[in-house]
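Q: One line per chain: the protein sequences are V and Y, in this order.
Going by numbering that gives the first Met the number 0, the residue at position 288 of the first sequence is 287; the numbering climbs one at a time, nothing skipped.
Going by numbering that gives the first Met the number 0, the residue at position 171 of the second sequence is 170; the numbering climbs one at a time, nothing skipped.
Hints are supplied without guarantee of correctness; some may be wrong.
[As the list claims (entries may be wrong)] These stretches of chain Y come out as covered by chain V in the derived footprint (C-beta under 8 Å, 3 or more residues):
#	segment
1	65-76
2	102-114
[As the list claims (entries may be wrong)] Listing some non-contacts, in silico: residues in chain V with all C-beta distances to chain Y over 10 Å:
#	residue
3	R64
4	A65
5	E69
6	E246
Simulated from the structure, these hints should not be mistaken for lab results.
In this text, a Cβ means the ideal position worked out from N, Cα and C, and glycines have one as well.
Each chain is listed here by its residues.
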Amino acid sequence: MPSKEYMNFLSVLLWKYRAKHIWVIVISSLLIACISAFFFVTSSIKKDLFLTLDAQADFVVQKYRAGKVEEIPKEWISGFREIDGIEKVNPRIYGMHFYDPSETYFMIVGLDFSQKDVVKNFEQSFPNIKINEFLAKDNMIIGQGVKELFEYYQYKDYYIFRPPNKGKQKVYFHSELPSESQIYTNDMILMDSNLAKKILGIPKNHYTDIALEMKKGADAENVKISLILSHFDMRIISKEEIKKHYENLFNYKGGVFLALYIFTLMTFLLILYQRYSNIIHADVKEIAILRVLGWKISDVIYLKLAENFIVAIFSYLLGVIMAYMYVYTLDAPLLKEIFLGFKNLNNTSSFTPSIDISSLISIFFIFVVPFMLVIILPVWKISVREPVEVMR
Amino acid sequence: MIRLQNIYKSFKGIEVLEDISLDISTGECVVLSGVSGSGKSTLLSIIGSFMKPTSGDVSVNNTDILNLNDFRLSEFRKDILGFITQSFHLFETLNVRENILPALLLSQLSQEEIYSKISELTKLVDMEHKLDTQVALLSGGEKQRCIIARTLVNNPKIILCDEPTANLDKENTLVFIEIIHALKKQGKTIVIATHDPLIKELDFVDKIIYMKDGRIE
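Next up, chain V with everything else stripped away, as it sits in the complex (with noise of 0.2 Å):
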C-alpha cells in the first residue's frame, strides 16, 4: 500500500508535468468516447428493438409465387387454426405508399377490427380514441415522420392516397402514434383493414400474410414442420430469425465501426510509442534521478505504471461520460443516421439509456493495457541503463 507521502508525489508529479499528459488525455478520451458512443447506441436499440420483438407474433407466413410474395387467401386462416400448437392466428395487411413530393416511403398497416385480439390491443395502446368515432369515417393514426411530412406539403386534416386502380382515396388525420415508439412507428400509418386493402390495391378476403402464436410450452420445431406440411407455397418467418436477421445488421454495422475504432487505436498507440521510445529530456532526467537516488528499477516502473494507469482511468472514464452525453443527452448526431438509415423519414425519437457493462468492461481493457504496454516499455529501457550515461 503505497504511503500518503508517495500518493502526494504521484498527483504533485500528476499536476506539474499536467501539460505532458493533456494532448494524451484529450485523444485517448475522443478515441474511447467514439466507442462507447458506438456501444451505447447499438445497446439502445437492440434494448428496444428486442422488447418490442418480443412481443411479436412467433411465426409469420407469406405466400410465395415464383419467387415473389403473394397475398395469402382467407381459406388459409381456418387450416392454421387446426394446427397442434398454434393459438392465435391474426391476418395482417400492410405494405408501402410512395410518397412522390418527398421521394419517401410510409407502412401502411391495416387493422381488422373484426379481431378480438385487435380490439383489444387497440384499446390497450389507445385509451384515449374511440373505436366507432374511428371508424365513422375513413380516419388514419399516423407517425411522428409521417405527420411533420404532411405539415410541411401543407396537409392539415386530410391525405388523398392514390390506390392502384386510379382512383383516390381520401383520409383523414384522426390522430398520431405516441413519440416514445417513435423509433419504429416514425414511418408508419394505421387505418381500418378494408380502407388500407383499398389504397394497396389488396383483393378483397385476402391478406398481406399472418401472424402466428403459439401455446405455452408447445415445440416451436414441430410447429414449423406442420406449417410447413400445410403449404408449399409458403415462407415461414420465425420471431427468432427476425432477431438473428437484426442481430446481423447490428453486428456488420458494429464490425465495420469496431475495425476503424481498432486501426485508429493502434495508429494512436503506435504514435505514443514512438513518442515515449524518443522520450523526452525531462523524463529521462526524471528517471536517471530516481536511480541514482536509490529507487530501484521496479520503483521506477511502478511509479510509471501508477501515474500512467491515472492518466488512462481518467481518459476512460472522460470519453464514457463524453459519450454517454453525446447519445443520450445530444442524440447521437451522425451516428444516429448510421444506426437508423434504414428509415426513410428523419427520426427524431431519443434513445433509450441502456448501458453494457460487458462492452464497457472491454473498451477497458482493449485500451489500457496495451496503453500502459507502450509507455512502460521505454521506461523499463531506460531504467535498466546506467543512470549516469543516461544523465550525460
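Use these hints to put chain Y onto chain V, whose structure you have.
A: Just chain Y now, kept in the frame of chain V:
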C-alpha cells in the same frame, strides 16, 4: 574503505580509464583533478556504482559493488552513497521540498519524520525559506544547495561530488566548501572530481589524485 583495482573503461573502443588502482580510507577527503576528458568523472561514476568498468574490481567496505543485483545496488545507493551532481540534475518544475522528497519516499519514515528531515537539511544549507519555491526560479548556487540537501537527507557515509562548483560564483563556492568541511568533520568519506583550483588548495583535503588521459599521474 573504497578500493579500486586495475580499472579499465572504454567507450566504443576508446580507452577512457586505464589501469586505475586506488584506495580511499573511511573519513578521507580526496580530490580527483584533471582537465576535461581526463576521466575523473568516469572514475567517480564507477566508484558510485553508476557505471560499470570494462574490467577491474571495485569494493566499498569490502563489498564487491560490481556484482550486486538491482535490489542490493539500489539499497547501497540509497543508504551508503550520496551523489552531488551538477546543478541541472533537479526536477525543474517541482519546488525544493518536492525535489528532496523522492530521496525519502522509499524509506519507512513517517510523514512527520520526512518533513522534519527535509526541514533540518534545508536549514543546514540555508534553503529553508525557499522550500516552496520552484527550482526553475532558483539561482545556480541555490540549486546546488538543493542538491546537497537532497544528497545528505539519507545521511550517506560516502559523498561523491561531480564538478560541484562548475556553475557557481565565488560566494556560492565558499558556501559549498564550508558544507563539505562540516561533512568531513562528521567523518564522511568525500570524493570530489573537479578542475576548480580553489578546491585543491583546501587544507582539509587529504589526497589529490591528478589524472591525465585516463591514467593516474
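Q: Are the hints correct? Go through all of them and say.
A: Do the hints match the structure? See the list:
no. : hint    : in the structure
1   : 65-76   : holds (count 6)
2   : 102-114 : holds (count 6)
3   : R64     : holds, 80 Å
4   : A65     : holds, 79 Å
5   : E69     : holds, 78 Å
6   : E246    : holds, 52 Å
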